[in-house]
Amino acid sequence: MTFDDFKTKTMKDQPVEKSNGQKAKGLQCLSSPWWCLAAVTLGILCLGSLVTIVLLGIQLSQVSDLLKQQQANLTHQEDILEGQSLAQRQTEEASKESQRELKEMIETLARKLDEKSKEQMELRHQNLNLQEALKRAANFSVPCPQDWIWHGENCYLFSSGPSDWEKSRENCLSLDAQLLKINSTGDLDFIRQAISHSSYPFWTGLSLRKPNYIWLWEDGSPLVPHLFRLQGAVSQRYPAGTCAYIQRGAVFAENCILVAFSMCQKAANLLTAQ
Numbered sequence: 081m082t083f084d085d086f087k088t089k090t091m092k093d094q095p096v097e098k099s100n101g102q103k104a105k106g107l108q109c110l111s112s113p114w115w116c117l118a119a120v121t122l123g124i125l126c127l128g129s130l131v132t133i134v135l136l137g138i139q140l141s142q143v144s145d146l147l148k149q150q151q152a153n154l155t156h157q158e159d160i161l162e163g164q165s166l167a168q169r170q171t172e173e174a175s176k177e178s179q180r181e182l183k184e185m186i187e188t189l190a191r192k193l194d195e196k197s198k199e200q201m202e203l204r205h206q207n208l209n210l211q212e213a214l215k216r217a218a219n220f221s222v223p224c225p226q227d228w229i230w231h232g233e234n235c236y237l238f239s240s241g242p243s244d245w246e247k248s249r250e251n252c253l254s255l256d257a258q259l260l261k262i263n264s265t266g267d268l269d270f271i272r273q274a275i276s277h278s279s280y281p282f283w284t285g286l287s288l289r290k291p292n293y294i295w296l297w298e299d300g301s302p303l304v305p306h307l308f309r310l311q312g313a314v315s316q317r318y319p320a321g322t323c324a325y326i327q328r329g330a331v332f333a334e335n336c337i338l339v340a341f342s343m344c345q346k347a348a349n350l351l352t353a354q
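Numbered per the numbering used here, the sequence shown finishes at 354, counting up by one with no gaps.
These are computed hints drawn from the structure, not numbers from a lab.
Any given hint might turn out to be false.
Claimed, not checked - Quick list of in silico lysine-lysine cross-link-like pairs, DSS-like style, CA-CA up to 27 Å: (1) K148 - K192; (2) K198 - K176; (3) K192 - K261; (4) K198 - K183; (5) K192 - K247; (6) K196 - K183; (7) K290 - K198; (8) K346 - K247; (9) K176 - K192.
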């Protein structure tokens, strides 16, 4: 028996359908049952896959939205942190600037305080000097008696009339003074100026002393060399003595017995009470 014979026999054994369309359909299902099951299963799988894909798409969209929201939140947090960092930097810079300004202010105040301290010390020193000056002024005595001329450290008085040298010396002694003594060019200039209005001679305290016959002042001090040139009878030894007088700015040696005006001299009262 061949395959064709078997097929024919099999077909003959099958029941006869009422219509050709129903017979063909029944023959298709009966002839391929596994294919129908596979098709149904495949359809179910496709439907499940479609549903799964849709669900995954929805979840993916949700996850994407969530990620976007998280990203936005993260960006917002970063902006906040950046703003806080910027504010902190600005605060630090402002703090540094304030510290710098405060330091400069402190240095300026310290410098001004030091200047004020120095000024106060200077004012205190000036005040002490002023108090001392006022104290000296309050205790300062008149340097010279009435009618005497004050110059430097000395007082000078012109005699009212002429006398010989010895009487002129005694007159000065009675006034607690001595005859004129010239110690410096300043003294000499002052005397020349004082007698410039007069042509009379004025005895000085300079005389030729025994036994060595040297020119000495009344107090025993020698004549300062080159202070002035002594003119006249410089080496003449008179019995009454040889004395010096000043006239018209020049100093001459002459007999002590001659008469002339005189100038008395004594120290000025420049002492202050302590």
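Consistency of the hints with the structure:
1. Between the alpha carbons of K148 and K192 the distance comes to roughly 64 Å, so the proposed pair goes past 27 Å and is violated.
2. Taking the CA atoms of K198 and K176, the gap is near 32 Å; set against the 27 Å cutoff, the hint is violated.
3. For a cut-off of 27 Å, the pair hint linking K192 to K261 is broken: about 57 Å separates their Cα positions.
4. About 22 Å separates the Cα atoms of K198 and K183, which keeps this hinted pair within 27 Å; it holds.
5. Proposed proximity of K192 and K247 is contradicted: the alpha carbons are some 71 Å apart, above 27 Å.
6. As the CA atoms of K196 and K183 are separated by approximately 19 Å, the hinted pair is consistent with the 27 Å bound.
7. A hinted pair counts as satisfied when its Cα atoms are at most 27 Å apart, and K290 with K198 does not qualify at roughly 64 Å.
8. The hinted pair formed by K346 and K247 meets the criterion: a straight-line CA distance of about 17 Å does not exceed 27 Å.
9. A threshold of 27 Å between alpha carbons decides the hint, and for K176 with K192 the separation of about 24 Å falls inside it, so the pair holds.
The structure fails to meet hints 1, 2, 3, 5 and 7 from the earlier list, while all remaining hints are met.
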